[in-house]
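Residue numbers (my numbering), protein chains in the order written: chain A, 1 to 97; chain S, 1001 to 1354.
There could be a bad hint or two in this list.
Lysine-lysine pairs mimicking DSSO-like chemistry, simulated, CA-CA at most 27 Å apart [said to hold, decoys possible]: (1) S:Lys1102 x S:Lys1034; (2) S:Lys1102 x A:Lys33; (3) A:Lys33 x S:Lys1104; (4) S:Lys1034 x S:Lys1070; (5) S:Lys1034 x S:Lys1150; (6) S:Lys1347 x S:Lys1315; (7) S:Lys1347 x S:Lys1011; (8) S:Lys1201 x S:Lys1315; (9) A:Lys38 x S:Lys1104.
A few chain A residues that don't get close to chain S, going by computed Cβ distances all over 10 Å [unchecked claim]: (10) Lys4; (11) Ala7; (12) Arg45.
Keep in mind that the hints were calculated from the coordinates and are not lab data.
Where a beta carbon is used, it is the ideal one built from N, C-alpha and C, also for glycine.
So the chains spell out like this:
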Amino acid sequence: MEIKDTAVAGTLESSDIQIMISKATDGIQIELKSDVEKQFGDQIRHVITATLNALGVQAAKVKAVDKGALDCVIKARTIAAAQRASETTATPAWEVL
Amino acid sequence: MDEQIVDLYLKDPPVRQEWERFLTSIGIHNFADKEVDQIDYTIGIYSGDDLVATGSVAGSVLKYIGVCNKGVTTGARFNAIVSELVNRQFANHVFHLMVFTKLKYSESFQHIGFSELARSNEAALLETGSPDVADFLSDIPRVADQANKKVAGIVMNANPFTLGHRFLVEQAARANDLVYVFVVNTDASLFTTDERTELVKANTQDLANVIVVNGGDYMVSYATFPAYFLASTDETVNYQTTLDARIFRNVIAPALSIKTRYVGSEPLSRTTGIYNQVLARELPPAVELKVIERNRVNSDDATIITATKVRQLIKTGELKQLPRLVPAATTQFIQDHLKTLQARIQKGMNIDGN
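Take these sequences, add in the hints, and give me the full structure.
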């Protein structure tokens, strides 16, 4: 999956995470803001990276603003943002779920 | 949360009244038409019949954010409002947003992903999304071994580029290894951003060590310094330019190794005059400020060269005087586009400001 545009999914409300994905030349770079960064930062980054890998995204710049989202939410928001950014929302990637 | 976010149509007088009353009650007082007219849309949250939260967007700038936290978890309504505004802007493909706020709210914005660009004792300027200031800076061309070179910066609107601008750039180019000319990005002038940029490039292309770049949202933009475009009080100009100057000093200059900023002396424009004073107060010692005396046409003609004068000549069509005020490329452009420019003035483009 190739990131073609900037796209966002999620909100800034409690228990959610807002994920913005934009184009990058190589690798997945994640900029994370979270009040629980110390405790869960690595886990959040891991879920985002694993989800993007499962979607076949090789290169992306990710900005994530976490408000205490659970892993399933992080995953869902990442998939939605990636599909919007790659303009593939017409063909949902069910198997990644 | 069972509180719905709704659109507020400020054109509707009762809505506008309620909105002003609510914002006044939490300490926001500036409802001048020139500010409110900039707003693209406004949203709000009602609790029963009372407005309890609101926020607006003007271009890429969030404005008039106000929230009452009575009876709910602190931050919940604030997050809901900002979240909704951010998402709507993203849906409109505006992925970079800025907010100008009282210092005490800076932290609230930082909690929801905004980064602070600059702060003063009263106010802060923050941004979120992409491309951010790091992307902006990494896209600017650089030269080899730049950190050890003498680098200078000039910010200009150049509406249009005059012999005065030329003189300023020449002085800087002579005294430095590299000069960045940042052209004001906001499209609120008689000459469009593209036209202004092209004329700066055309009139400086013989100077090998000058790089012309767009100033983005970070230098005298509608976000950092709205008073440049909207007539404002001295106090407003002062606090906005303080933030503008600090972004330049703390973020822009270090990234590009800029040691000196050049400005033209400003005997005529009040706003730019205050801006120069603030730069003199804020920039040193990190960045030296060099004020170049404004050029006069020649020794027996005391006419001061200003772009304002040039715009008046365009309005009246007296192009014969142009070559005394502007370089050849600008004269050529004005001759070729006189009708278009005059039509813009007729349509109401203000030519007496900046």
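Verification of the supplied hints:
A distance of roughly 20 Å separates the Cα atoms of Lys1102 of chain S and Lys1034 of chain S; the hinted pair therefore holds under the 27 Å criterion. Under the criterion of a C-alpha separation no larger than 27 Å, the hint pairing Lys1102 of chain S with Lys33 of chain A is consistent with the structure, at around 22 Å. This hinted pair checks out: Lys33 of chain A and Lys1104 of chain S have alpha carbons roughly 20 Å apart, not beyond 27 Å. The hinted pair formed by Lys1034 of chain S and Lys1070 of chain S fails the criterion: a straight-line CA distance of about 31 Å is larger than 27 Å.
Restraint check for Lys1034 of chain S and Lys1150 of chain S: not satisfied, since their Cα atoms lie roughly 41 Å apart, outside the 27 Å limit. A threshold of 27 Å between alpha carbons decides the hint, and for Lys1347 of chain S with Lys1315 of chain S the separation of about 12 Å falls inside it, so the pair holds. Restraint check for Lys1347 of chain S and Lys1011 of chain S: satisfied, since their Cα atoms lie roughly 23 Å apart, inside the 27 Å limit. This hinted pair checks out: Lys1201 of chain S and Lys1315 of chain S have alpha carbons roughly 24 Å apart, not beyond 27 Å.
The hinted pair formed by Lys38 of chain A and Lys1104 of chain S meets the criterion: a straight-line CA distance of about 25 Å does not exceed 27 Å. Listed as outside the interface, Lys4 of chain A is consistent with that label: its C-beta sits roughly 13 Å from the nearest C-beta of chain S, beyond the 10 Å cut-off. With a minimum CB-CB distance of about 8 Å to chain S, Ala7 of chain A fails to clear the 10 Å threshold, and the non-interface call is violated. The Cβ of Arg45 of chain A lies farther than 10 Å from every Cβ of chain S, with a closest approach of about 16 Å, so its non-interface assignment holds.
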